[in-house]
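S.K.: From first to last, the protein sequence lines stand for chains A and B.
Sequence positions in the first sequence follow UniProt numbering and run 1 to 125.
Sequence positions in the second sequence follow UniProt numbering and run 1 to 125.
Derived by calculation from the structure, the hints in this document are not laboratory data.
These figures come from a predicted structure and were not determined experimentally.
Errors might be hidden in some of the hints.
Just so you know, same-sequence chains aren't split out, so a pair can sit in one copy or run between any two.
[Unchecked claim] When the alpha-carbon atoms are kept at most 27 Å apart in a straight line, the in silico BS3-like pairs for lysine-lysine are as follows:
| # | residue 1 | residue 2 |
| --- | --- | --- |
| 1 | Lys-42 | Lys-116 |
| 2 | Lys-123 | Lys-42 |
| 3 | Lys-123 | Lys-59 |
| 4 | Lys-123 | Lys-28 |
| 5 | Lys-41 | Lys-116 |
| 6 | Lys-42 | Lys-28 |
| 7 | Lys-50 | Lys-116 |
| 8 | Lys-28 | Lys-116 |
| 9 | Lys-28 | Lys-59 |
| 10 | Lys-28 | Lys-50 |
| 11 | Lys-59 | Lys-116 |
| 12 | Lys-59 | Lys-40 |
| 13 | Lys-41 | Lys-123 |
| 14 | Lys-28 | Lys-40 |
| 15 | Lys-41 | Lys-28 |
Number of protein chains: 2
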Amino acid sequence: MEEKKIKKEDFNLLNCPIRTILDRFGDKWSVLVLLILGEKKKLRFNAINKEIGTDISQKMLTVTLRTLEADGLVLRTVYPEVPPRVEYEITPLGASLVPHIDNLAQWAAVNMQNIKTSRERFKNS
Amino acid sequence: MEEKKIKKEDFNLLNCPIRTILDRFGDKWSVLVLLILGEKKKLRFNAINKEIGTDISQKMLTVTLRTLEADGLVLRTVYPEVPPRVEYEITPLGASLVPHIDNLAQWAAVNMQNIKTSRERFKNS
DNA sequence: CAGGATCCTCACAGATACTG
DNA sequence: CAGTATCTGTGAGGATCCTG
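Can you make the complete structure from the sequences, with help from the hints?
M.R.: Below, the structure written as structure tokens:
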């Protein structure tokens, strides 16, 4: 059995750290959840769901939260009650990432119109 | 003919600007190409290809460059020669984005081990 | 309430062959 | 040299049903 395939995990495109994090946060929901928890401190599952809107499926919210938890960016606390209560909050590590995302968001907000115009011009050329 | 489907382009998840840019740069190659062009100023197609390594296909490099060009982040100059010569360089807009990506990369480099450890612990729990 | 378990699908990415 | 044109697969994301 050969091993031609280099695993994404092991290679990470020249071990560029930026790629390692983009592999995680380039997905559809991680950043959004992180920003929400960065603001609101403590939230339950359905509360996060409401914050996002109806656009995320239960499954994807679960997957996203589990990934963030596994990475140590979000803390998940289960209270042994009936009905069950689960609260999510951002960790210091997660909080340290938020400002960087905010910076990117800032840049995006400032230059969005610029990009859209450029995109439009490109289409008609 | 109904129009139930909301196009990704039009919706952008609550028009959150951060999502708009992550939709673009969450892909596999855009950020890498941007960083390379941010350093090397002017490069030809095959030169970029070499910088990345053998891991990107011609097609994906073309697609990536075209998208960056459309967004106004990269300038594409075709010289009417035989054989053809095409040079790519970063635009001021693109250059203004690079530091933000670098910041993220910095964070990633600093906290990568932390995250990996956390991930390992999560797996064995 | 907070998910787990399934099934589906479609867009993105890759491989390959060809060309001005 | 710097691309196009096709074909194909894979897996993130979504819909739905079920449960401690």
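S.K.: None of the hints should be skipped; say for each whether it holds.
M.R.: Do the hints match the structure? See the list:
Taking the shortest alpha-carbon separations for Lys-42 and Lys-116, only the inter-copy value of 25 Å comes in at or below 27 Å, while the best intra-copy value is 36 Å. In the homo-oligomer, the alpha carbons of Lys-123 and Lys-42 lie at most 27 Å apart only across protomers (24 Å), although the nearest pairing inside one protomer, at 44 Å, exceeds that limit. In this assembly of identical chains, Lys-123 and Lys-59 lie within 27 Å of each other by CA distance solely across copies; the values are 20 Å between and 36 Å within a copy. For the identical chains of this complex, Lys-123 and Lys-28 are neighbours both inside a copy (26 Å) and across copies (23 Å), given an alpha-carbon limit of 27 Å.
Only between protomers do Lys-41 and Lys-116 lie at most 27 Å apart by alpha-carbon distance; the minimum there is 24 Å, versus 34 Å within a single protomer. In this assembly of identical chains, the alpha carbons of Lys-42 and Lys-28 lie at most 27 Å apart only when taken from the same copy (22 Å versus 33 Å across copies). Within a single copy, Lys-50 and Lys-116 get their C-alpha atoms no closer than 29 Å, and across copies no closer than 31 Å, so neither meets the 27 Å cut-off. For the homomeric pair Lys-28 and Lys-116, the shortest alpha-carbon distances inside one copy (21 Å) and between copies (21 Å) are both at most 27 Å.
Taking CA atoms no more than 27 Å apart as the test, Lys-28 paired with Lys-59 passes in both settings, with 13 Å inside one copy and 24 Å between copies. Taking the shortest Cα distances, Lys-28 and Lys-50 sit within 27 Å of each other inside one copy (16 Å), while across copies they are farther apart (30 Å). Taking CA atoms no more than 27 Å apart as the test, Lys-59 paired with Lys-116 passes between copies only; the shortest distance there is 24 Å, against 32 Å inside one copy. Proximity of Lys-59 to Lys-40 under the C-alpha cut-off of 27 Å is restricted to the intra-copy arrangement: shortest distance 22 Å within a copy versus 43 Å between copies.
Taking the shortest Cα distances, Lys-41 and Lys-123 sit within 27 Å of each other only across copies (26 Å), while inside one copy they are farther apart (43 Å). Taking CA atoms no more than 27 Å apart as the test, Lys-28 paired with Lys-40 passes inside one copy only; the shortest distance there is 20 Å, against 31 Å between copies. For the homomeric pair Lys-41 and Lys-28, the shortest alpha-carbon distance inside one copy (21 Å) is at most 27 Å, but the shortest distance between copies (32 Å) is not.
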